[in-house]
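Trainee: Protein chains in written order, with the numbering used here: chain C, 1 to 273; chain S, 1 to 403.
What the hints contain is simulated information worked out from the structure, not anything from laboratory work. Backbone N, C-alpha and C define an ideal beta-carbon position, used for all residues, glycine too. Incorrect hints may appear among the rest.
[To be verified] To spell it out: a stretch of chain S is covered by chain C in this simulated footprint if at least three of its residues, at any positions, have a beta carbon under 8 Å from a beta carbon of chain C; those stretches are: (1) 20-26; (2) 81-93; (3) 166-175; (4) 179-186.
[Claimed, not checked] Label-pair restraints from in silico Cβ distances: (5) S/D12 with C/D39: 34 to 44 Å; (6) S/E34 with C/A219: 28 to 38 Å; (7) C/T116 with S/P19: 22 to 32 Å; (8) S/T298 with C/L129: 20 to 30 Å; (9) S/I271 with C/G106: 20 to 30 Å.
[To be verified] In the SDA-like style, the derived pairs of lysine to any residue whose C-alpha atoms are separated by at most 25 Å in a straight line are: (10) C/K115 with C/S176; (11) C/K203 with C/A165; (12) S/K111 with C/K203; (13) S/K111 with C/A189; (14) S/K327 with C/T138; (15) S/K111 with S/I43; (16) C/K191 with S/Q302; (17) S/K327 with C/K115; (18) S/K327 with C/E131; (19) S/K327 with C/Q134; (20) S/K369 with S/R76; (21) C/K191 with S/I43; (22) C/K191 with S/Y40; (23) C/K191 with S/T192; (24) C/K203 with C/G106; (25) S/K111 with C/E192; (26) S/K111 with C/P107; (27) S/K327 with C/K191; (28) S/K111 with C/P157; (29) C/K203 with C/R3; (30) S/K327 with C/P107; (31) S/K111 with C/P12; (32) C/K191 with S/D31; (33) C/K115 with S/N187; (34) C/K191 with S/T298; (35) C/K115 with S/I43; (36) C/K115 with S/T298; (37) C/K115 with S/Q302; (38) S/K111 with C/Q190; (39) S/K327 with C/H135; (40) S/K369 with S/Q302.
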Amino acid sequence: MSRLQSLFTRKPREILNIYFTAGHPTLESTGTIIRSLSDTGVDIIEIGMPYSDPMADGPTIQASSQTALSNGMTLPLLLEQVREVRGQTDVPLVLMGYLNQVMQYGPERFFRDAKTAGIDGLILPDLPLIEYEQHYRTLLDAAGLDLTFLVTPQTPPDRIRALDAASSGFLYMVSSSAITGGSSAFGDAQKEYFQRIDRMDLKNPRLIGFGISDHAAFANACQYARGAIVGSAFIRALESGPPLEEIIPAFVAGIRGTTIQNLPSILSSTDRS
Amino acid sequence: MSILTAPSFQVDTHGYYGPFGGAFIPEMLFDNIEHLRRNYLSIIDDPAFQADFHRLLRDYVGRPTPLYPAPRLSQRYGSRIFLKREDLNHTGAHKINNAIGQILLAQHLGKTRIIAETGAGQHGVATATVCALVGLPCVVYMGELDVARQAPNVARMRMLGAEVRPVTSGSRTLKDATNEAIRDWINHPEDTHYIIGSAVGPHPYPDMVTRFQSVISAEMRNQLQEQTGMPNPDMVIACVGGGSNAAGAFFHYLEETSVQLVAVEAAGLGIDSGHSAATSVLGTEGIIHGSKTLLMQTEDGQIIEPYSLSAGLDYPGIGPLHAHLIKTGRASTYSVTDAEALAAALELTRLEGIIPALESAHALAALDKITFQPDQVVVLCLSGRGDKDMATYIDHLDQNPTA
Ligand SMILES: Cc1ncc(COP(=O)(O)O)c(C=O)c1O
Chain C
1 MSRLQSLFTR
11 KPREILNIYF
21 TAGHPTLEST
31 GTIIRSLSDT
41 GVDIIEIGMP
51 YSDPMADGPT
61 IQASSQTALS
71 NGMTLPLLLE
81 QVREVRGQTD
91 VPLVLMGYLN
101 QVMQYGPERF
111 FRDAKTAGID
121 GLILPDLPLI
131 EYEQHYRTLL
141 DAAGLDLTFL
151 VTPQTPPDRI
161 RALDAASSGF
171 LYMVSSSAIT
181 GGSSAFGDAQ
191 KEYFQRIDRM
201 DLKNPRLIGF
211 GISDHAAFAN
221 ACQYARGAIV
231 GSAFIRALES
241 GPPLEEIIPA
251 FVAGIRGTTI
261 QNLPSILSST
271 DRS
Chain S
1 MSILTAPSFQ
11 VDTHGYYGPF
21 GGAFIPEMLF
31 DNIEHLRRNY
41 LSIIDDPAFQ
51 ADFHRLLRDY
61 VGRPTPLYPA
71 PRLSQRYGSR
81 IFLKREDLNH
91 TGAHKINNAI
101 GQILLAQHLG
111 KTRIIAETGA
121 GQHGVATATV
131 CALVGLPCVV
141 YMGELDVARQ
151 APNVARMRML
161 GAEVRPVTSG
171 SRTLKDATNE
181 AIRDWINHPE
191 DTHYIIGSAV
201 GPHPYPDMVT
211 RFQSVISAEM
221 RNQLQEQTGM
231 PNPDMVIACV
241 GGGSNAAGAF
251 FHYLEETSVQ
261 LVAVEAAGLG
271 IDSGHSAATS
281 VLGTEGIIHG
291 SKTLLMQTED
301 GQIIEPYSLS
311 AGLDYPGIGP
321 LHAHLIKTGR
331 ASTYSVTDAE
341 ALAAALELTR
351 LEGIIPALES
361 AHALAALDKI
371 TFQPDQVVVL
381 CLSGRGDKDM
391 ATYIDHLDQN
401 PTA
């Protein structure tokens, strides 16, 4: 059983997946961020492979990617940093990036190196299902990596089934058709979408992502799925000033709603730029 | 080459030209792209659609555009050079052909909001124009750098009622404007149609844009028949940014191997200068804007920011059809520097009294690099006029007073 599968077997609800961009805010922050998120009980860590043209990401993640690239982040360095920190934590680690990065590294070698470094799963939002089936499924299976596909409110039922069948680990429910970093309140149409998918009795556990930026949104998402993914809000918090070791536990507590005092003001602000 | 092994230059049912093309898009766009993929051919091929399209091209755009036998240019290069006058289209470039086709398509799809990216501003102006024509709101993404260097077109878009959103990310040029337009579409998948301005992007865009632009070579065939007695020239030359005017000018000759196809790219300050947009030389296989094609990238798969003085050619990729044409040897390529393009623009102006767009001037500059036979029939796609580039040209003249 993979780390992701055993997590979902063990923990029924309130799964918190936090995204950060490797190489941001500094080239060397990867290890600190992973250790600190793991220590504060985050369930899954999603590591962004910074990309020059991240078309499925909003302005916050895009800007953090540019910072990371100008800091000098590369895939070999990122995998090296993961390998170093893997000895210190057992939290599931998922890489999120774009297919061109994988293509240039060489898919087979990339999957093998990622697995060896201690990566558990991948999210590649621009990997088409048909390409996966024809070229990537066997490579990923051979490497022993989980792969998560996204579904959106527009995804038709038969395609949701196909994406669920192709996924392992978890399925990523895009909260609305919006790029990352958008607004957080769920409308009736979104609730209907979450409930519709819930009734489909899919094989994978589901996490809701895009626009989850505070405790209210997290708690709300947890009513409709096994948990949620927080990205842009965390990136903004990392940029707020205090040392990472302080900001990260405070941020995670804020999202979980376990403590709300002593939070730096940035964490409760709703900057959606 | 036997029929069985001859490469096809038509898109296949999966959206590929040989190994290039496809639709590498996030799930948020899947529904829109899939709907387009399933329906674009039946919509476009519908006789009523074709009638509307060709009526607008005639009455509104002013087609057919002339095929002008350029006597002094021909004399200068020692062959029979014809200029396909896309510069005489309404709004001043070939971009309007595609914009007319796509706005009709958007109406068929029931879309109520239009977005576009633009580099030189010609596609932005064309899109703003067709939106005014049908009364739809229009948002145009344009790199901040291009907003500055193509000011007349920004003014035209505003006057036409479009909202121009300057893009400040990355190189602040066409690549980033395209990223921003894609993001907008991800956020508004239901009401919005994205009118891509070149033969790039996920399938079916490259094929759709190529079909709308193919009116260029359809007219060329008739006009050449009339003027030379033969529908085929010996050579067709066009500049390539994303590749839409070239795709349109090549289209009806793709399978006619006696017709040489010449694609001209922007070398910027020179191919090895680190400031270039010569994708066929500097590019490798990868994915850009949802399409597998040739693009300029680092070893780590990061897209390299291109450079050209010409905003319309300042793009790090090329459309998948062109990648296939180049890799199979069906098309040959030339790279032209900023300086060569400026000189060629001035030359055409002084020889024929036509001020070309800086993009088209790249195609003209290739004439100097090709050896012609005296009776060779050469068609050069003059993709646009130079009004938008006057500030650049005047600067150049001021710096070279003897030119
Ligand atoms: C006049 C003109 N020619 C050529 C181009 C390049 O585009 P494409 O390669 O799609 O024809 C542009 C783009 O803005 C243009 O304005």
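Trainee: If a hint holds in the structure, say so; if it doesn't, say that too.
Mentor: For each hint, the structure was consulted:
| no. | hint | in the structure |
| --- | --- | --- |
| 1 | 20-26 | holds (count 5) |
| 2 | 81-93 | violated (count 0) |
| 3 | 166-175 | holds (count 3) |
| 4 | 179-186 | holds (count 4) |
| 5 | S/D12 with C/D39: 34 to 44 Å | 52 Å, violated |
| 6 | S/E34 with C/A219: 28 to 38 Å | 34 Å, holds |
| 7 | C/T116 with S/P19: 22 to 32 Å | 30 Å, holds |
| 8 | S/T298 with C/L129: 20 to 30 Å | 28 Å, holds |
| 9 | S/I271 with C/G106: 20 to 30 Å | 27 Å, holds |
| 10 | C/K115 with C/S176 | 31 Å, violated |
| 11 | C/K203 with C/A165 | 7 Å, holds |
| 12 | S/K111 with C/K203 | 35 Å, violated |
| 13 | S/K111 with C/A189 | 20 Å, holds |
| 14 | S/K327 with C/T138 | 29 Å, violated |
| 15 | S/K111 with S/I43 | 14 Å, holds |
| 16 | C/K191 with S/Q302 | 38 Å, violated |
| 17 | S/K327 with C/K115 | 35 Å, violated |
| 18 | S/K327 with C/E131 | 22 Å, holds |
| 19 | S/K327 with C/Q134 | 24 Å, holds |
| 20 | S/K369 with S/R76 | 13 Å, holds |
| 21 | C/K191 with S/I43 | 35 Å, violated |
| 22 | C/K191 with S/Y40 | 33 Å, violated |
| 23 | C/K191 with S/T192 | 23 Å, holds |
| 24 | C/K203 with C/G106 | 30 Å, violated |
| 25 | S/K111 with C/E192 | 24 Å, holds |
| 26 | S/K111 with C/P107 | 38 Å, violated |
| 27 | S/K327 with C/K191 | 49 Å, violated |
| 28 | S/K111 with C/P157 | 23 Å, holds |
| 29 | C/K203 with C/R3 | 17 Å, holds |
| 30 | S/K327 with C/P107 | 23 Å, holds |
| 31 | S/K111 with C/P12 | 42 Å, violated |
| 32 | C/K191 with S/D31 | 20 Å, holds |
| 33 | C/K115 with S/N187 | 34 Å, violated |
| 34 | C/K191 with S/T298 | 43 Å, violated |
| 35 | C/K115 with S/I43 | 47 Å, violated |
| 36 | C/K115 with S/T298 | 24 Å, holds |
| 37 | C/K115 with S/Q302 | 22 Å, holds |
| 38 | S/K111 with C/Q190 | 22 Å, holds |
| 39 | S/K327 with C/H135 | 22 Å, holds |
| 40 | S/K369 with S/Q302 | 32 Å, violated |
Violated hints, in rising order: 2, 5, 10, 12, 14, 16, 17, 21, 22, 24, 26, 27, 31, 33, 34, 35, 40; the structure is consistent with all others.
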